[in-house]
Structure formats: C-alpha cells, structure tokens
Amino acid sequence: MTAELVRGQNHPLTQVRLEVRVSAGTPVVAAATLSDEQGTIRGVEWVAHPGAPALPGLEVSRQAAADHRLAVDLDAVPDAVHRVDVLLALPTDGRGPVRFGAVAAPFVAVTGLDGTEVATYTITGLDAETAVVALELYRRQGAWKVRAVGQGYAGGLAELFADQGLAEAHALANCIQSAVAQSHARAVPAPASGTTDTDRVHRHAATTPDSGVHATQPGQHAGPTQHGGPYGRDASHGMPAEPTPAQAGQGADPARPGPAGPVDYTHPGRQRTAPPPSPPTAPPAPQGQPTGPVAGDATGWSMDERLYNQVWGMFEDLARTTAAYRSAVDFADSRMEKELDQVLSDPRSRIGGQGDAAREAARARHADLVGQARQALDRDLAQLQAEADVVEPALPPAYARWDNPVWHGYRVPMEMPMALRVGDLHLPESDPLRIPLLVRLPLERGLWIDSGRAGSLDGSFADSHELRQGAMETAVALAARLLAVHPAGEFTLHVIDPAGSAAGSLAPLTRSGVLAGPPAVGAAGVSEVLARLTERVDLVQMAVRGGAADALPPGLDTAQQLLLINDFPHGFDDRAVTRLRYLADEGPAVGVHLLMVADREDAAGYGPLLDPLWRSLLRLTPVADDHLADPWVGHAWTYEPSLVPPGSQILQQVLTQVAQARTKYM
Amino acid sequence: MTKGQAISLQKNDGGSLTAVRMGLGWQAAPRRGLFGSRTREIDLDASAVLFADKQPVDVVFFRHLVSDDGSVRHTGDNLVGGVGQGGDDEAILVDLQRIPVHIDQIVFTVNSFTGQTFQEVQNAFCRLVDETNGQELARYTLAGGGAYTAQIMAKVHRSGPGWTMTALGTPANGRTFQDLMPSILPLL
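Which chain is which? The protein sequence lines are A and B, in order. Counting in my numbering, the first sequence runs without a single skipped number right up to 666 at its last residue. Counting in my numbering, the second sequence runs without a single skipped number right up to 188 at its last residue.
It cannot be assumed that every hint is accurate.
Chain B is faced by these chain A residues, among others (derived, beta-carbon under 7 Å) [what the hints assert, rightly or not]:
1) 323
2) 331
3) 369
In case anyone wonders, no lab produced these hints; they're calculated from the structure. Just so we're clear, the structure is a prediction, and the values are computed from it rather than from any experiment. Note that the Cβ used here is the ideal one computed from N, Cα and C, for glycine as well.
Just chain B, same shape as in the assembly (with noise of 0.2 Å):
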C-alpha cells in the first residue's frame, strides 16, 4: 500500500470490525559524538481524534490517554522511539464495539512533537492492526517520505451496523494533531 492509496476493508466473512489497534513505530536518533546526551531526540505522537457528525468530540493523544467513555486507550507516550526492528513504540487500541453511539468517525494521525520531518527519522511506519487476529489492515512507510512533520494516516467509520477503516495517508505539517484540524475537516 502505498501513500495516498485509498481503500475500504470489510471483513470477507461479512463481518466487521471489531476492535483495531493504531501502532507507530520509529529508531531512536543515532548517538552523535562524545556528547551522548545532547543528541536530538526524536519524539512523534500518535492520536486519535474522535467525530460526531463531523464535529471533534473527543481525542486520545499523549495528554489524554483514555477517551471519556474509556472505548479508545492510548499506551502511554514514547519520546525516542525504539530499536527500529518493526515493534510498535506508541499505540491505540480502539474498542469499536463500546464507541458511544454518537460518534461515527475515528481519524487517526501521526505527529512528529521535535519537529524532525519524516525524512530525517529512519524506520519509521504507522499500521493499523485488526485486534481480534492481528492481521495488518494498513501499513505506512513513514521514514524517507518527505518533508513533512504529520500524517492523517487513516479513518475508521460507521457503515450500517459495524465498521468500515479507510486508508488515507494525506502528508501535513503540525506539531500536535490540533494543528491538523484543517487538514482532517475535509477529509471526513
């Protein structure tokens, strides 16, 4: 799958999705010189704003960890990333089943907070997992991507009784996912 691809997924059993797990991954910035300690850090952030009728209700992000109605759980920040062998260092977990009835839309994104754009950062992908077999519904490639600081990575929608995930993989700039709102907006 490549950026900007979109795509629907349905279950081919006719089934639909049940739980779905957002994990990003990235390496730690290499250590410069003698200094260790004064190497910049890379440090990007994974979201997930939640809509009701196009309107942002809630969001889960660093600052926020559990949604109010406690359906949507981020695992807590990383501010330098891991050893870049394709383990997630941040990650949402959604319980679509317990999302209140309002809400129709999930979008999830990704954020660089230190300001690296993704082609400085090596290894770096964002992936959405199917909770319930661990199958990968969508995988990005973030590192090398170009010069720029956020992705709108994906949105997760109501569609009749269950949900539909739709790949978006739009390229922004932003340093927190409220600088991402204009982007999201039309998108929806």
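Bound conformation, chain A alone (with noise of 0.2 Å):
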C-alpha cells in the first residue's frame, strides 16, 4: 500500500533497494548527500550528483531531466552513513523556471524495484526557492525509513549544502550546475581519445579541450572493471558506459574547486560501471563464404549467459526448421493423395496408359517437393552441427556433457551457474545433431526420473529390475552434477533409499562424502528427513512473508536442499505423502527441491490423488524416450539423459573435490 506523506511524516522501509521517482513539471537537478550519524556530510564525496552521479548504493542521473530515477541500495552504503537526503534543483543556466513556485508541485515516489509504490510524497508550498530537500532515507534502530521534508532554499544549492554543513558548500554547487549544463552542451558523446579497443580503461571522453589534459594514473581504473552500480549488472541499463566529462580522469585534486572545469568527486578506488566483455567474434571468413558459427554468439552479460541463450536459440531453430520440413512433407503427401484419388476417378484415366501417366507425374511431383524440403532441412541441420560442434567444447561444466574434457579440468566454482544441463534432445529427423536440455537453477520444479517400463522405446530394458537401476544412475549423475555446479556448502543432498535397494547405485555419492548423513532408510527414516525438509519450509517461508530473515533459528542450514527419493511409495506411509506434495509443492520457492526416482505404475494404489505431483515434475527417463515438448512448435523431442560414460572415473574425481571443498567450508 502506497502511504502518501505529508511534510515531516515518516514511514517504515521494508526494501534496501529502491528506486526513488522524481517527476517536476519541468527539468530539475536530483543529487543526494549522505550524512552520518551526526547529521554532517563528511566532505564533498558524500555528495552524489550530475558531476559525480555514483556513491556506493546510490546513483543519481547526469543531467537535469523532469523524471528521474534514483536507484538506492541502502545495504550497499556505507555503514557510517546514518542519513541519505534527496534534493532537487533547478538549473541557473537561464533556459527554464528560476523558481520552484512557478511550476508544477515537484512529486517524489519511493518505490520498490518492481516499480510498486511504497511512499509518495508532493512537494508544496514552494515558491522563491531553487533547491529543496525532498526526502530523507534515515536508519533507525537499524532499520531505515523514509521522511518527507520539503525543505527549500531560496539561495540554491550553495546554501542548501551551506545549511548542511559543508564548507565547500559554494564549490559544489557551482560544479553540479557547470556539469549539469555540460550535459545539456553534449549532444553526441565524444569518443574515447587514445583507447583501444582491449584496453577498456575508459580514461577519457572529454568534451572539453582541457579535460583531456589530464593523465590519469593507470593503475586507477584499470584491470578488469567491476559492476559498481548499486544493483549490479542488471541495472545497468540507463548507465551508459562512457564516463562523463566531469569523471575524465581529474585525479590530480579531487578538491579542485572552481569554474575551469567539473571536478571528479569520486573516490579515486571506485571503478565504473562497465559493459559486459563484448561478445566472441568470428574470424574475418574467406572471401565469398559465410563467417562460420562461434560458441557465445548470442546476447547476455556473462559468457554463461550467452551459451545458454545460443544453446536455446539452436533448439529453438532446430524446432522451427523441422516444422518447416514437416509441413512441406505433410503437404507433399495430401497433394499426391489427392491427385492420386482424381486420377481414379477420372473416367478417362481408364484408357490406354493415361492413368499411369498421371499418376507418375503425382509421384514425381511430390517427390520434387520433398526432395527440396529435405535439401532445406540438411543446409539448417548442416549449420546447427556446425555450431554445436563449435559450442559443445566450449560449455562449462554445468552444460557439458559427462564425456566434455572440461570435466576433467573441474574445480569448485565460485558461484552457481545460470542452468544445468539435464540430458540431449534431438528430433528424429535431426539425428545425430543433439542439443542439450537446459533448465534453469534455482530448478522450478522437482525432477522425476521415471523407472517404469511404458515409456522405453527400444525394449533395451526389458527387465524392470535393471530400469530401476538405471533410471537410480540417471538420478545419482543428475544430482552429482547439481552438487558439483554449486559452490562449497551452497547444496545439501538428502537420500531417502527406504529399502536400501540402490546402494550400489548410491555408491558414489555415500563414498566420497557428499551426502549430509547416511541415505535414510525405512518409515522412520522417510518421516523424519520428510519431517525436517518441511519444517524448513515453513520456517522460511515465514521469514520471508515476515520481511524477518534474521529471525531464522541459527543452526539453520541456508544451502539449497535436493531430496533424491528412491522406491517411491515404498515407506511412505499417507502422512509422509502428504508432506511430500507439500515440499514439492511449496519446496522449489525456498530452495528446497525434489529428485524423484518412481514408476508410477507403483503408486496405482493412490488413485488419480498423485496425479497433481507427477504433472508438477519435469519426467525424465533413464533411457531415449519421446515425451518431451519444445514450447514453440510442440514437436515430440527424444530425451537422453546424461551419463557417466561406462568405466568413467570423473564422477569420483569430481565428488571427491566436491568433498574435501565441503570439509573446508565446515
């Protein structure tokens, strides 16, 4: 709910990471000074404005604009920090309104980043002022809160800093004002002067002809540049990359005053917003010949990020193009159908050979027309192979295959991965192009790995007993390589192996040391783990819903949870089940995620009352199976799931790294 303050008001924040919306009737300056828990600005670079539009958790614009927005992150603020105030003002370049009482109410929102309004406030009764204090973030008993001041300042800028406690009070106004108009001057962004193209130290885009002047010292900004806005990459739309005249590099004297030129108040160690490493591109083809593919050929801001979008964008073409081809098929067949019914109807046709002649010509026609659909078909499916063999060599490990060698080079990575791959898709028209299956991680949904016989197309797996034993390997290689992709301590894997069946197949997993305790067994086993995943659950859905997350009792486990369950319904009694469709239900949202390993054919005895949670979980099948569909066209894919290749030793060596990572982190 939206609370609309008036003057002096205040009103709890629930979010670090705001937005603040400024919209006046006319260009205004918006810059935000920081103050700690004295009420004093510490100096000139606790002030964020056009000249200096970024402070650790605060970026404000770097021009004067009737809209703004202010992104704020209130954890990304220093802790001395105790106030953020956000203050307008009009431009003294003489182009527009010299005080605030001749426009429009200025109207300031503090909104979520989802855009939701949690405060507004509208600045009245403003009349001979320039600048004005709008509103105040302030910490309370460690929790931050919004006040509306509306506090103007007939002398600008200079005397609202002045008010503030400021001694460079006048410089900076002025300074904010020059490069505010500076803004205004630069219409088109000058480019960077003596940059190449690998160095991507943005040193200098001086408009001025005396900006240019000064050398920066090299070590300031370079090596690879970090995201510096206050939300990360993501925010980083609007913040274009050039830097502006007033940060080209003036690290002589951050306190140069004067109207020479803007003076960069940022702090020397502070890096910019930079634009992601462009992406990989081909080489310069031969003359006459198309470029050919290139892993990472596809937008994102991260390599990762980039080979999933290709990887998506290959099963999106490989679905279209064999739409293409299927059509053209389809509607071969139906013409040379329907010309072949009009020759036999066709009294004439009777008659000496003319029968056999039109029927040929309908044979003939609709062999063209395939014949040309294939020929279509095979230059796609020639260029998707061309790619995939470019991309396959060049996925990490969470998108390799088991056999890729980057498995062998595997350590522990920093930070969880975009997606996982989960088996090899292909159509049978495609064959042998494979395109791997990618989901997303968090996993949105559980996985379930289907032991029973319907689905098996080749009857390779005649005996029900090696299904299960295999659809138990598809499981323990999926959730090895869940363990693997995420980073020390960030995923427990529980087991629940109620008659102890697959220890063979669990072998890996309980040698090497991964697991968080011993696969559970029997009733009690199955009660008690299901018992403490739901307990997790609710406790941190509670948190959550309660905006409390320190609330969360000390000792509990923060990683992402992955229950494998083998046997299902075996041991599960009518309680455990129901517990079961909760976590599957409610699990995925707070990183609590099911792997299950059935055949449903084992639960007929529930009824149609399981339905719901088969349908709630991805299938999967141990062995190639159609049954999953692409969502543009609804092709019946061949899933295959990703194994160990037989006599593999990588699922011991990567386990074992997994756990001796883990023994660090405990």
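With the hints in hand, could you dock these two chains into one complex?
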C-alpha cells in the first residue's frame, strides 16, 4: 500500500533496494547527500550529483530532467551513513524557470524494484526556492525509514549545502550546475581518445579541450572493471558506459574547485560500471563464404548467459526448421493423395496409359517437393551441426556432457551457474545432432526419473530391475552434477532409499562423503527427513513473508536442499505422502527441491490423487524416450539422459573435490 | 500508388526479394472530454496468411506471432495506435529464404479489430518494405479511404527461384483475417 506522506511524516521501509522517482513539470537536477550519525556530511565525496553521479549504493542522473529515477541500495551505503537526503534543484542555465513557485509541485515516490510505490510525497508550498531537500532516508535502530522533508532554499544548492554544514558548499554548487550545463551541451558523446578496444580503461571522453590533458594514473581504473551500480549488472540499463566529462580523469586534485572544469568527486578507488565483455566474433571469413559459427554468439552479460541463450536459440531453430520440413512433407503427401484420387475417379484415365502417366506425374511432384524440403532441412541441419561442433567444447561443466574434457579440469565453482544440463534432445530428422536440454537454476520444479517400463522406445531394458537401476544411476548422475556446479556449502543433498535397494547406485555419493547424512531407510527414516525439510520450508516461508530473514534459527542450513527419493511410495505412509506433496508445491520457492525415482504404477494404489504431483514434476527417463515437447511448435523430442560414460572415473574425481571443498568450508 | 492498383515488382538488378516487412501505422483516437479513459480506442491488426497451393497452411497474426517454421514474425499487437507520424505501429517480418518450400503465396491483410472504418481513422497507412535496403515497395493510405474495415493489401508469391510482390489493395470487411478468407481466395 502506498503511503502518501505530508511534510514531516515518516514511513518505515521494508526493502533496502529502492528507486526514488522524481517527476517535476520542468527539468530539475537531482542529487543526494550522505550524512553520518551527527548529521554531518563528511565531505564532497559524500554527495552524489550530476558531476559525480554514483556513490556506493546510490546513483543519480547525470543531467537535469523532468523525471528522475535514483537507484538506492541501502545495504551498500557505507556503515557510517545514517541519512540519505534526496535533493532537487532548478538548473541555473537561464533556460528554465528560476523558482519552484513557477512550476508544478514536484512529486517524489519511493518505489520497490518492481515499481510498486512504498511512499509518495508531493512537495507543495514552494515559492522563491530554487533548491529543496525532498526526502530523507534515515536509519533508526537498524531499520531504514523515509521522511518527507520539503525544506526549500531560495539561495539554491549553495545555501542548501551550507545549511547541511558542508564547507565547500559554493564550489560544489557551481560544479553541479556546470556539470548539468555540460551534459546539456553534450549532444553526442565524444569518442574516447587514445584508447584501444583491448584497453577497456575509459580514460577520456573529453568534450572540453582542457579536460583531456590530465592523465589518469593507469592503475586507477585499470584491470577488469567491476559492476559498480547499486543493483549490479542488471541495473546497468540507462547507465551508459561512457564516462562524463566530470569523470574524465582528474584524479590529481579531487577537491580542486572553480569554474575551469568539473571536478571528479568520486572516490579514486571506485570503479565504473562496465559493459559486459564483448561477445566473441567470428574470424573474418574467406571472401565469398559465410562466416563460421562461434561459441557464445548470443546476447548476454556473461559467457554463461550467452552460451545458455545460444543453446536455446539452436533449440528453437531446430524446432522451427523441422516444423518447416514436416509441414512441407505433409502438404506433399496430401497433395499426392488428392491427385491420385482424382486419377482414380476420372473415367478417361481408364483408357490406355493416361492413368499411369498421371499417377507417375503426381508421384514425381511429390518426390520433387519432398526433395526440396529435405534440401532446405539439410542446409539448416548442417549449419546447426557446425554450430554445435564449436559450442559443445566451449560449454562450462554445468552445461557439458560428462565426457567433455572440461570435467577433467573441474574446480569447485565460486558461484551458481545459470542453468544445468539434464540431458540431450533430438528429433528423428535431426540425428545425429544433439541439443543440450538446459534447465534454469535454481530448479523451478522437481525432477522425476521414470523407472516405469511404459515409455521405453527400444525395449532394451526388458528387465524392470535393470530399468530401476538405470533410473537410479541417472538420478545419481544428476544429483552429482547439481552438487558439483554449486559453490561449496551451498547445496545439500538428502537421500531417501527406504528399502536400501539402491546402495550400489548410490555408492559414488555415499563413498565420497558428499551427503549430509547416510541415506534414510525405513518408514522412520522417510518421515524423519520429510519432517525436517517440511519444517525448513515452513520456517523460511514465515521469515520471507514476515520480512524477517534474520529471525531464522541460527542452526538453519541456508543452502539449497535436494531430496533424492528412491522407490516411491515404498516406506511412505499417508502423512509422508502429504508432506512430500507439500514439498513439491512449496519447496522450490524456498530452495527445497525434489528428485524422485519412481514408477507410477507402484503408486497406482493412490488412484488419481497423485496425478497433480506427477504433473508438477519434470519427467525424465533413464532410456531414450520421446516425451518432451518444445515450447514453440510442440514436437515430441527424444530425451536422452546425461550419463557418465561406462568405466569413467570422472564422477569419482569430481565428487572427491566437492567433498574436500565441503570439509574446508565447514 | 493508389488503391486497387496491382503491379509486379522485381529488383532491377535481376535479383529477387529476400526479406520484406509489412508495416502498419495509425494515429490513436483523440481524447474526448473529461473522461479521457472512456474514449474509443482504435485497434488495427496486421496479419499474414501463408498459402500452399491455395490452401491456407499457417497464419501470423496477433494471437500467433511467429509462424511454426519461424520465417514470419509479428512484432506484437498494438491496441491503440501511435502518434501518427509515419512510424510502424505493427510490423510483420518475413524472411523469404526460410519460408518452407511448399508455401507459394503470402497474403498481407489489415483489419480494424475495434470496428471503426478506415474513414474514422487518422493517418492510417500500410506499406511493404524491402528489408535488405529499406526501400518501400508499396504504400497505401488507409485513412479516409471509404467505409471499409479491412484491406487485403498485397501478396508475395514465388516466381522461379525468387519471390515477387503484387500489390492488391482490395477493400473488404471483417474483424480478423478469418472473415477475409472468402475475399482472399479469388485473389490468389
């Protein structure tokens, strides 16, 4: 609910990542100051303004505008800061109005990241003022609040800063106004001088002739630039990568005032928001040939994301090109049928060879069209295969097959990947091309490895025991992959094996010591594990809903949890089944995921009651089976699980490393 | 070019079209009176129907934005129109090289989903653009064009190894492309 504040009123803030939206009828300058517990601004470097738009946790616009969005991350502001003041001022360039009384009352809103308004304030009653403190965000007993201030100053920013106790008030006010005037004049960003593409140090985007003269110390900005915006990389839209003139390397004397040029008030150690490293480009192709495919040739902020998008792009392209082929063949079939019917019903065709000739012609037309369609498909398949040939070796472990050499150089990662390969997909027409099936992490739905006999395509697993074992091996390979791609200590695996029947398949997990505890057996083990996870889901949900993440009990494991269940519903009583369904529904949102190995027939006793559970899980199979539909055309894709090659030690090696990292972390 | 005029287009250099875009633009209805939100919005829709041997096999319109084969893409439904300064409010992009081999004609249509006739719509136009060089192949001014709610605008059809466009500009009436099918079929 939005609180409409009046002057002096305050309102608690439940979020720390906020946007302050300003709308005024005329271009205004927005700035923000930080002050400590005593209310003093510790210096000009605690002021975010158009000349120095970004402070830790705070970013303002570089120019005067009628609408502003200030990004604020209260978690990221220095600990010493107890108050953030949001200021508005009229530009003094002589083009616009000269007092707030002449324009519509400015409106400010504090919103969440999703745009929902938390509090709004219309600054009324202004007259001759040219600068105003609109809002203050302040700390009270560890929590943040917002207060509507609305204090105006007829003397402009200089008077405002002086009132806040800033010694360099006049210089700073001048600097802000000149930065605004400059950004107004800067119609086109000037090209960076003297920088090459490989050197991503944005040294000079100088527009004024003199600002380019000051050389930066190379060490100041060099190195891989970090994302410095308050929201990290995703918020970088609207934060152009070119530095402002104000930033253009004037590290020599940060406090140098004066009208000669804008002064850089940013902290020397602070790094700019950088664009993502440019995607790899294909080497120039020989004349007259199309350029070859390149791994990572898609949009995204990281190689991880680019490869993910590229793989999904290949998936869509294959789905669509196959749709084109199939619809052409269908059409050719139906046309031939119609033509043959016509020949049959035409009495003339019974005389002599006319009928045969007509039939022959119809067949030829059919073959011709199918041939053309196949040609187009082959052309597309060749291109996708060429792309797959360069993409597969470039994949990171999370996306790679177990036989990919990248697993031999495996290191426990520092952050969770975007997605996980759960297997391969292909269509009958596209053999031998395989598309990795990547699902996003954290998992949005549980996984179900079907150990039932029904789906098996080739009948190679005639023995249901063998099929169950295959399903369990698939599940173990998946669980191991999930463990391996998460940072140490951020993924916990629980196993329920009620009858102890899968001890052999589980050996890689149990032997390497990556499990939180030994596999739970028997009805008691089942209900104990389920009760523990149910309680965890409940606690985390309460904390999330109440906005009190710090109220969780200290011993709670904050890692993502995966529950691997073998032989469902063996060992499950009604209460345990209910708990399982609760986990399937509520778990994914709070980091508790399911990986079930089950034969639906075994649970037939429950009748249709479990159908919603099965539907909510992503069904995978231990053998190749065509049961997955793509989201675009709905072909039936053949899924193949991603298994460790027989005889390979890679799973052992990887799990050993995971276990070592766990012990170090614990 | 005027309504109903049919001309064949072939590139001068002997090559044929590889990618075309159908653009549709119109001006939003003016706000009336105090209750601005109660004005009647104008919603025009662009559609492309794909034919194989005079049988419709696929259609791209606001409920099916990409043809199954991915070669024809609609940029998305615009329900209210634009500022009327000549920009496309809806567009359909056709990658002629990727069209399935059996499809031999693509017909572009414009419908008034909200039912206003083209007489009531301001600054409405539709056009076909050669995407490779940005050249406009055909342009119709719909506004003030008569008491019709639809127009069968143009067809692009195979000729030899490439494609040719024929402007049709046939007025018709209907809410979506389905209503136009009887009028389209004689034009194939």
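Where does the structure disagree with the numbered hints, that is, which hint numbers, in rising order?
No hint contradicted; all consistent.
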